[in-house]
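Asker: As a plain string of letters, each chain reads:
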Amino acid sequence: MTSIFDYSGLLLQGLGVTIVVTVLGAALTLIVAFAAGLSGLSRHRWLRWPSSIFVEFFRGSGLLVQMFWFFYALPFLGIQLAPLVAGVLALGLNEGAYAAEVVRGTIRSRAKGQTEAAIALGMTPALRMRRILIPQSIPAMLPAFGNVMVDLLKNTSLVSLVTVSDLTWRAFTARTITGQTVELFLTILVLYYLLSLLIGWLIRYLERRFALDRKSLAKARPIKAMIGRVSS
Amino acid sequence: MSPHTDTLHTLNAKEPRRDIEISFSNVSKSWGSNQVLRGLDFEVKAGEKVSIIGPSGSGKTTILRILMTLETPDVGVVTVGGDILWDAREGVKSKETKQTQITRRKVGMVFQQFNLFPHMTVLENVVEAPIHVLGISKQEANERAVDLLELVGLKEHMKHTPPELSGGQQQRVAIARALAMRPRVMLFDEPTSALDPELIGEVLGVIRRLATTTDMTMLMVTHEMRFAQEISDRVVMFDKGVVVEQGPPEQIFKNPKEERTERFLKAVTSY
Amino acid sequence: MIIWDSEFAISIIPTLLKGLWLTLQITFIGFFISLAVGLLVAIVRYLKIPVISPIFTFWVSFVRGTPLLVQAYVAFYVLPLMGVTFDALPTGIVVIGLNYSAYTAEVYRAGIEQLPKGQWEAATALSLPRWRTWMRIVVPQAVRPIIPVLGNYLIMMFKDSAILSSITIIELLGSALSIGSGYYRYLEPITIIGLMYLAISFPCSLLIKRLERRFVPTH
Chain A
1 MTSIFDYSGL LLQGLGVTIV VTVLGAALTL IVAFAAGLSG LSRHRWLRWP SSIFVEFFRG
61 SGLLVQMFWF FYALPFLGIQ LAPLVAGVLA LGLNEGAYAA EVVRGTIRSR AKGQTEAAIA
121 LGMTPALRMR RILIPQSIPA MLPAFGNVMV DLLKNTSLVS LVTVSDLTWR AFTARTITGQ
181 TVELFLTILV LYYLLSLLIG WLIRYLERRF ALDRKSLAKA RPIKAMIGRV SS
Chain B
1 MSPHTDTLHT LNAKEPRRDI EISFSNVSKS WGSNQVLRGL DFEVKAGEKV SIIGPSGSGK
61 TTILRILMTL ETPDVGVVTV GGDILWDARE GVKSKETKQT QITRRKVGMV FQQFNLFPHM
121 TVLENVVEAP IHVLGISKQE ANERAVDLLE LVGLKEHMKH TPPELSGGQQ QRVAIARALA
181 MRPRVMLFDE PTSALDPELI GEVLGVIRRL ATTTDMTMLM VTHEMRFAQE ISDRVVMFDK
241 GVVVEQGPPE QIFKNPKEER TERFLKAVTS Y
Chain C
1 MIIWDSEFAI SIIPTLLKGL WLTLQITFIG FFISLAVGLL VAIVRYLKIP VISPIFTFWV
61 SFVRGTPLLV QAYVAFYVLP LMGVTFDALP TGIVVIGLNY SAYTAEVYRA GIEQLPKGQW
121 EAATALSLPR WRTWMRIVVP QAVRPIIPVL GNYLIMMFKD SAILSSITII ELLGSALSIG
181 SGYYRYLEPI TIIGLMYLAI SFPCSLLIKR LERRFVPTH
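Going line by line, the protein sequences match chains A, B and C. 1 is the number of the first residue of the first sequence in the working numbering; add one for each residue after it. 1 is the number of the first residue of the second sequence in the working numbering; add one for each residue after it. 1 is the number of the first residue of the third sequence in the working numbering; add one for each residue after it.
Fair warning: there could be bad hints in the mix.
Claimed, not checked - Some residues of chain C that are not near chain A, with every Cβ distance over 12 Å (derived):
| id | residue |
| --- | --- |
| 1 | G118 |
| 2 | Q119 |
| 3 | I170 |
| 4 | Y184 |
As the list claims (entries may be wrong) - Listed below are the simulated DSS-like cross-link pairs for lysine-lysine, each with C-alpha atoms no more than 25 Å apart in a straight line:
| id | chain 1 | residue 1 | chain 2 | residue 2 |
| --- | --- | --- | --- | --- |
| 5 | B | K155 | B | K138 |
| 6 | B | K45 | B | K266 |
| 7 | B | K257 | B | K240 |
| 8 | A | K112 | B | K95 |
| 9 | B | K257 | B | K98 |
| 10 | A | K112 | C | K48 |
| 11 | B | K266 | B | K240 |
| 12 | B | K254 | B | K266 |
| 13 | A | K112 | B | K98 |
I should point out that these hints are in silico values taken from the structure, not numbers from a laboratory. Even glycine gets a Cβ: it sits at the ideal position worked out from N, Cα and C.
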């Protein structure tokens, strides 16, 4: 197993790159998810249709194809993207399209009564979305987002195919040098598995935190004007 | 004067009231092939307390929902306080306009399912709309909210969240929340139908207080016949999209003129 | 300078279609494997056999938590070292089939668990024998709602099959890349296959949505 430790430095570097790609991809995914998801809920057709087209296009054409397109085909249109950028872009847009459906579906399925109560109080659609629908929907979105994020993590391995030196790439290239195929691949399998477990724990932590938070947030917010009246 | 009476008096109208507070002119509404309202002409005077009774599917809830702009009438004109809410005179389906949004503020509604915001505390539920829709300062909104919560008997629960409250408590918060907007018209859509029997009384108590001590116009759809009889100025019997009969409670409940009314009352109170 | 070479694009379509055909074969055979193996895994887990069931449970979690690409590398590069040599294509099909069987096993499990307990209780009250309960009561009801979910996995496998191009299988993506590197023009091949993947998965996903509405009616 000595060669594993020889190359552990390189593997760690690869792990670092994988984590960076995951985090950047996750950030882009969230942005895209809310942009496309909320647009999909809009009353305006000029927002809904582009959102649908975007979602169906990026879900239907396949992540790896998209990644290769950004890296190999885009240069022919004059745009040269760095491998990392191409990879993160494809990941963010693709997973974002899936996550957009989570956003749209969760908010839509909020009990109709919530929207009606907000209408009855005279709230504009924007206010309703911002203050009532989205805050309520976040706890419900978390489990599905968790799945998307684990998917994202696994799919970061594909950036190795567009020359990003992530964990998979390091193992693949180290293998050709050392021939320690079994150890290398087993190691990275375990590393990916641990990372996916980590994401799962993170999501469960967030679920707990957001579920309790309603009560703890309420207690934490000081209503100064209240104190005088309450004690009278 | 008790502090409660103070609060209640703030709910009374400040500007001079027109005689007719709510008017429906020739309002029709269909859902697909089902015509829910047929050329309805209906008026409510300022300060009147009206109960609407009738079988389910009769369209009575639709009247409230159109007033609260949750539904659009296909045909007809609806006004509140003299201002137009919906205008579909030429039979062209009306769209929600700026005028609709402004007029809507005169109306408040209490729902059968309460519909409190579960991610906010009781206090936050009540101050949310005054702050964000009316632009009232946080301090004033909080003061107003505490007074109203005290009125409905829930001041101690101010920092609790809706899931921690019973149905009756939630509905009382919902009433306070609607009142915080100081509407001229209060709508109640079967406010106690989703409550366990022992919790109905506390909610009816609050509604009774509002009916007897304020000059707000109140429109209530309910199955609580005795309550309707007690607090209403007028009772309207509604069926299949039309007004079957209307009049003072004694007339409707003791001496109904129409056979349909009689049949309905018999079926509802026979157990 | 012309950006899109239509002549070139048209000329490569036959080759790409051959790749597509291979992709479809991989997808269908792989999916069949995943249905069969997944069912086996689900049954073993359900029967709660000591030692074996927990291993299967861990296996499901591990396969779902690690990338298909790395699993494909393991099958392609590690197995020969252990004396197991197969051609790339069967290896790839088995890898993707086993990968997805971890997902189908979960689908089967969910399908059984979703059945209201009352159904089991009614069967007991009527003294129905176990096998009859399964065949006539449980399976017919459990299968209907999971069909759309399985359908979604089929579509996912269709797109994931592209990953197998990394272990020298010349399916649709593989064909496009080999054309690209051969002619030094990547724009047309990759764009065309992107549209091909879309042209197949989008209508299929609409079909699945239709099935969903039929099998899982929501009020």
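Asker: For each hint, tell me whether it holds in the structure or not.
Answerer: Okay, the hints, checked on the actual structure:
1. Its beta-carbon lying about 25 Å from the closest one in chain A, G118 (chain C) satisfies the requirement of being farther than 12 Å from that chain.
2. Even its closest Cβ contact with chain A, about 26 Å, leaves Q119 (chain C) beyond 12 Å, as expected for a residue assigned away from the interface.
3. Listed as outside the interface, I170 (chain C) is consistent with that label: its C-beta sits roughly 15 Å from the nearest C-beta of chain A, beyond the 12 Å cut-off.
4. Its beta-carbon lying about 10 Å from the closest one in chain A, Y184 (chain C) breaks the requirement of being farther than 12 Å from that chain.
5. Between K155 (chain B) and K138 (chain B) the alpha-carbon distance is near 18 Å, which keeps this suggested pair within the 25 Å criterion.
6. Our distance criterion of 25 Å between C-alpha atoms is broken by K45 (chain B) and K266 (chain B), whose separation comes to about 29 Å.
7. Between K257 (chain B) and K240 (chain B), the direct Cα distance comes to roughly 18 Å. Compliance with the 25 Å bound is thereby established for this hinted pair.
8. For the proposed pair K112 (chain A) and K95 (chain B), the alpha carbon gap of about 20 Å is at most 25 Å, so the pair holds.
9. Between K257 (chain B) and K98 (chain B), the direct Cα distance comes to roughly 42 Å. Violation of the 25 Å bound is thereby established for this hinted pair.
10. With a C-alpha separation of about 42 Å, the suggested pair K112 (chain A) and K48 (chain C) falls outside the 25 Å cut-off, and the hint is violated.
11. Annotation: proposed proximity of K266 (chain B) to K240 (chain B) holds, straight-line Cα distance about 18 Å (limit 25 Å).
12. For the proposed pair K254 (chain B) and K266 (chain B), the alpha carbon gap of about 11 Å is at most 25 Å, so the pair holds.
13. Distance hint between K112 (chain A) and K98 (chain B) is fulfilled; the C-alpha atoms sit about 23 Å from each other, no more than 25 Å.
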